[in-house]
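A.B. asks: Read top to bottom, the protein sequences are chains A and B. Heads up: the first sequence at position 274 corresponds to 274 in the UniProt record's numbering, and the numbers run straight through without jumps. Heads up: the second sequence at position 85 corresponds to 85 in the UniProt record's numbering, and the numbers run straight through without jumps.
In short, the hints are calculated from the structure, not lab data. The reader is advised that the hints may include incorrect statements.
Below 25 Å or equal to it, Euclidean Cα-Cα: the simulated SDA-like pairs (lysine to any residue) are [as the list claims (entries may be wrong)]:
#1 94(A) with 25(B)
#2 225(A) with 21(B)
#3 225(A) with 13(B)
#4 226(A) with 111(A)
#5 105(A) with 108(B)
Residues per chain are reported as follows:
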Amino acid sequence: MAPALCAVCKTARALIKRPKNHSKLCKTCFIEVFEDEVHHTITSSQLFFPGERVAIGASGGKDSTVLASVLKTLNERHNYGLDLVLLSIDEGIKGYRDDSLETVKRNAVQYDMPLKVVGYDELYGWTMDQVVETIGKKGNCTYCGVFRRQALDRGAKMLGIKHVVTGHNADDVAETVLMNLLRGDMARLSRSTSIVTGNNSSEVKRSKPLKYSYEKEIVLYAHHKKLDYFSTECIYSPEAFRGSARSLIKQLERVRPSAILDIVRSGEDMARLVPGESPSSCSCKGKSKAPAEVAEDDIGGCGSQNGRNPGNEMAVMDKQLRENEEHEAHEIDVAKSTPRNEGGTANKKWELPVRTAAVASKVVKGQVLGNCKRCGYMSSQDICQACTLLDGLNKNRAQIQI
Amino acid sequence: MSETAAEPKMAITVDFSGGLEMLFSNQRRHALSIPAHDKDGKPSNIAFLISHLCKTLMKDPRTDLFVLDDHIRPGILVLINDADWELEGEEAYEIQPGDNILFVSTLHGG
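Take the sequences, apply the hints, and build the full model.
C.D. replies: In structure tokens, the structure reads:
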């Protein structure tokens, strides 16, 4: 095979084939295009304001390392005026987190950013090693996830920072969309597709600047820029369900690379169907509160450069909805446990469970952001998930001690 | 499969990263001498290299973390002399002496 030339500069040898549009790029042009696209996501979603202090949730892994590197580059190149800080969570998993924290410490030096580490032990009185000792490996990811989420908020608060960015990429979002779709959890699906969660009224907002970046490109970016990152699997086996969703996404990508961004967009489209949820698509025309139809037009501009026609997007969603419906008919168990709308309404054919009045009110109730009565941190319930889990753990510990 | 000492060999380097090094003795770079031809006498290609690595280099029993259904596991990127293997013909690429083949996993979090 004769070496292909870069589609942009037409001089250097192409080294990268982009999954989203098959374009072939050389190393230099790829790095530039990757950074430009993240810049586009940041500006079109108006993620930051000048002078903002931003904490980068840093694990030492590829995603957060690339995020830190790209944000530093863009901050300097485009004068964002951001004050960037690395915020790391120490879950307390020996032989796993110790090594990755060393990577974060090197990153702090390499990127000249201050680093703050907060541990589960200091926040909750439990390390993940102790949690697993108590509850076993099964379901430990739930604890870790709930704790980490709050730990990032609390770490940011300790630093007096109101914005945490995380390295979630397009593959992660697609995976979560798929999982929530398979669970029938439309409310969470909606939140998981948002580029920003929380708003100015909440204490800490979170955003995902790499939401439209393929994991493949993140790894290639890290490789070609020779970034220092750490990769290992958590020693506690991951959730089987997430693992399956992940494998499925990767297999789909092999056959149809655009599938990943397509799932992300389908997720955004479905999010618009959820009452009380605002879509978080990229508003390329610089409107912060773009009406749904404008946002829909703009989506094509954020991702694939081979413009997508909106009709196709709708067709995809239609098909998805119809398939859901078909599957629902087969899922006897699930259907039984799904709260039904009392008295069939006219538009029954298109009903998703979440759209029924009974469930919708439940969903809305779950979405109202308040504070946990126990620990005082952001929660949509009276007692936050972290405190609920801690209650269970502490009871267990008491039992064990007796 | 059997290889006689008389068979021509070629020297290449194979790198593993993104967590795959764990499956290959925790070593990132391996300087290898591989047969220049497969058992049918065809020039060794990437497909041959992958099965060769499983048979000769991988001591870890978890081969399914590297190969699924006789193909490289989806989510593992292959770079041939720093170029995406999709630009080089993927499994059919015929390996040249001195080539560097990098396998990098995208599957690990951090």
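A.B. asks: Work down the list of hints and note, for each, if the structure agrees.
C.D. replies: How the hints compare with the structure:
Taking the CA atoms of residue 94(A) and residue 25(B), the gap is about 21 Å. The hint holds against a cut of 25 Å. Using a Cα cut-off of 25 Å, the hinted pair residue 225(A) and residue 21(B) holds, with the two alpha carbons roughly 20 Å apart. Pair hint residue 225(A) plus residue 13(B) holds up; C-alpha atoms about 21 Å apart against a cutoff of 25 Å. For the proposed pair residue 226(A) and residue 111(A), the alpha carbon gap of about 13 Å is at most 25 Å, so the pair holds.
The suggested pairing of residue 105(A) with residue 108(B) holds, with an alpha-carbon distance near 20 Å, which does not exceed 25 Å.
When the structure is compared with the earlier hints, no violation turns up for any of them.
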